[in-house]
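Q: Sequences listed follow chains A and B, in order.
Oh and the first sequence: position 103 is 102 in numbering that gives the first Met the number 0, straight run, nothing missing.
Oh and the second sequence: position 7 is 6 in numbering that gives the first Met the number 0, straight run, nothing missing.
It cannot be assumed that every hint is accurate.
[Said to hold, decoys possible] In silico EDC-like pairs for lysine to aspartate or glutamate, Cα to Cα no more than 20 Å straight-line:
1) B/218 with A/115
2) B/411 with B/391
3) A/109 with B/314
4) B/163 with A/115
If you are wondering where the hints come from, they were derived from the structure by calculation, not from laboratory data.
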Amino acid sequence: MVAFRPGSVGELCEALTEPGACWIEGSGSSASFRVGSTAGARTVRLDGLSEIVDLDPANQVAVVQAGASLQKLQTALETVGHCLPYDPYLGAGTVGGALSMNLPHGLEAKHGSWRDWVLGLTVARPDGKLARCGSRVVKNVAGYDVAKMFVGARGWLGVVAEVILRTFPRPHPPAACLEQGAPLSAGPLWIQRTLPQDAIAAREAAGDRLCLFDPGTFTLVAALPCDESLPRFDGDWVLRRGCGNQNAVVEEAMQRRLMLRAKAIFDPDGKLNPGEWGEL
Amino acid sequence: MLNMEAPRPTEGFFARELGALLAPDRIRVGAAAARAYECDAYTVDRAEPWAIALPESTEEVAVLVRWCVRHGVPFTPRGAGTGLSGGAMAARGGIIVSTKRMTQILEVDLPNRRILAQAGIANKRLSDAVAAAGLHFAPDPSSQTVSTLGGNIAENSGGPHTLKYGVTAQHILGLTLVDPTGEVVHLGGDATGGPGLDFVGLVVGAEGTLGIVTEAWVKLTPLPEAVHTLLASFAEIDQATASVAEIVGSGILPAALEMMDEGIMRAVSQAFRLSYPEGARALLLIECDGAPEASAKEAAEAERICRAHRALAVEIAEDEAARQRLWIARKKGIGAMGRLAPSIVTHDGVIPRSKLPEMLRFVYEVAEQHRLLVANIFHAGDGNLHPCFGFDDRDPEQIRQVVEAGEKILRKCVELGGSLSGEHGVGVEKSELMSLMFSPDDLCLQADAKRIFNEGDLCNPCKVFPSQKGCIEHRARWRGVAW
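Bound conformation, chain B alone:
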């Protein structure tokens, strides 16, 4: 058993030991590798792992975990590293177990509308594999071309289409998990809703702290027969939010209902040479899908509502190419902000939808107080907001401003009856804020659920719960300066 207080074993030790378990070419050690894996897309907190392992199968993951348990070494699963709350950060060092080499589709079961795939497969590849059969994997986070099935499961990922199609939890039928002792556990997989407790439902969204998911049966959803996409622009954000309220209140369930503010509009018009009507300060992207007649009717009604709220213009996609163009502001909006600032942090909170206008005003106030560039993207239909702050992460003071601004926003979300996270998870980013939302007895209930699978402190430590053993002293070490 390694003594965590003693000097860390050498790179050679890990290369040798782990290389003997898998193969030498599947272990990464050394400063450069550690640097590459020191954080995910939440770059504010960083911690270098001691080694990175690249298993190719469930059995190899189990062997690795058992080694870690024998030697008392922490381990952290990692998919594509696109997470936005530090979930894949090696908080107390140890081994990163990367699923980069576990990208296979194991079984395509079209009659039963499901696919069995390894956890390292990119989300989009699942849909691509069955598109010809008129099916897809519905959860579509913005990162879907790279984010992995395992990562989507860990965070219970959403995306623009969750309003109608549900989050990842609605689409996982079963999974294989290597639990924190190294045992392989199969959950679900068969006809949905089987007797017993819903352990699959607990593991989805557990942020990789109940073990390492290696494979999953995912549900396939028919592609809609018809899709109608509109982009409405407004002079005032309040007109856009009022349109959202009326659309949802009318009984229409759009497939997507996304709002972008002028910060996003400015970024994408520069980056992609898009133009919007003079004076436009908010965009509403609406997508209605389903049976041709019904979805056309919904889209027409949505258009009518936008115009009734004084939309400056409503663009309607004539074909798939036009549809992709209307989606650019939404899909590439955050990336386009990279032109405006060296670093971006995309915050994530949820409020009851009716509080959107109040919350937006608050976000702008906070940005001004902390002198930060801000742009807002909202999953307006479900009240999930993503304020994006631009800053320079070479300046510790600006890091501090961004973190404080984020905290103020989350406090407001909880105050308004919402949640600390709609999609990105708690990770390390929000673990100390959990007490805003949950009392000690509430956290005890969650801790009991965690104990069903994980009683120790080696599996992805320091995530989700505040003040975990051995994490407080590490917290100061994570916050740092990038280059």
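Same shape as in the complex, but just chain A:
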């Protein structure tokens, strides 16, 4: 099926008023991490919503449409002496896609990640209505922090249309310090984050299958066939790719229950990215 590429937020909203499931993607660069299936769903690609709406370096804020590529945003920020301290070793794509997947990155230990940079969002809801959350200032506690629900939500609760981001003056050192091993293309990727005390043991267990290790966030990336696993540790979490429904496994029963509840409230017809969180 040919993807529908809205050219404006209005077109996106109109497309959402039609019944039927939607597979939402940015540029499709995170395809190998996705769980759900496009079967029976209209694909909606957002990389046509790519405007840099506003750059306000004096106030450390940028407003950008969700389909803008990260490259485009960083280039624009560079012209005003700013940046987003983001080093995506697992592939970059659009701003909306990156925050929706919330994969680990190389500068996380020192500079945080999407959860820390997203100040506000404009979200297109499954019925086509637009809603805003957050604000344009770097510090804000007015109302519920709903933006947090969309970071890492994989497009499951609503479609991120526009993002308000905190930006940082260069020279925020953009140098990541990651230990490198096998190439990332060596096979399906196993991504594991442990508590600090288990990081070394986890890294050693990966052996020569290790592709990357981030000593700041205790994250390792290894190339493993889908039928293999690395040792687990108390309190760790695992996200692995290229292995169908083994991606984004949510093991904790309470988390699953609350996620189902959130889905029933935000997207009662199950329209958006069906199956994206596997069997909850």
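Assemble chain B onto chain A, guided by the hints.
A: Just chain B now, with coordinates in the frame of chain A:
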């Protein structure tokens, strides 16, 4: 199920019922107790609770909440009661669930840089517990010696060091919550950023309306190797704000960047016998920390910028004692205003930092219009302003002036592209102003988020959202005269 329209059950009823759930000595009833708990540090609105319960554990909180649900009684969590937006006020009466007896540190996990503590523990105690290991809990609201972890979580508290270190949300790894049905819910707690939705991020800053947080895993941050503190004084506020703009624009990220105006200076010089250069009308407190060489360089650059903007003087702390002295105007400034007026209201709003000069001028105009004493403290680095008005809360007319002045300031904040609240939360103070910032569809989105945890109207009612069921008729009752 209690009929909310019928005469309230007697004190004896609550003492008996709740005493049987916990123990008699952990329930407070009677006029004196109700009076003590009728408001938090936002004293303009007051509502007496019917009883106060002091549980000691998550299980006891769950038992209390389940009782409240069975009997249809509203309940409101309360930490130290230092909140500044009425968040701990029992808006529709009911039970105050106080965390005063839940102050234990449950686990110190230094290898993983985290602590598990009960929600009633004072913020500062967390840092004190791990100082010897060179760690601390970074969020440092001014109330930190008394305000509780649970309260900090409810309001997503900030403080002077949030510019560099982030707000409370950045430092909570996991929490235990008794939800509004009385069920115990565990969220997060393990390696950060785990798969699934960020419910911890939603609960932090939800002002105690999604349930009662009883325990939390908090992230510990290494204490900086070196700290450099400067206090610059200026003849004109505009010189101070221009210095702030240049410091932040230069790429320096100070650990703190706080501004105080002459109102604060007058209060602290009287209270603490501090002196400032002749003609000084604004102070800028700057703190740079981190690796010794890098932070010294940042501090030197900040000093250069202040002098370039014609600072009258720049004092540099030589040691920790001197550093504490430089911080006095900031930490004790608001308290010192108590010498100048019987009551103080500390307002809280945010504007884009570049609008600071315009906003300050507006605040002075409003103070003059409403004939109120005003002093200003700003987290200048992030545009979070705290205009403090002095008044006499025995005079209903002055209460009205203070509330109106606050509303004008918040309207201006939103007009300038800012926010209704940077730290204190919405509570009851600002709930009716939410429509300034959020459209009905925006509020619907927030209401949907709230429904994930709270579908009823018993858990901390009348907070955050405007025009909630059963609250409008109570609103007139809250506004009153203190003694």
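Q: Name the hints, by number, that the structure is in violation of.
A: 2, 3
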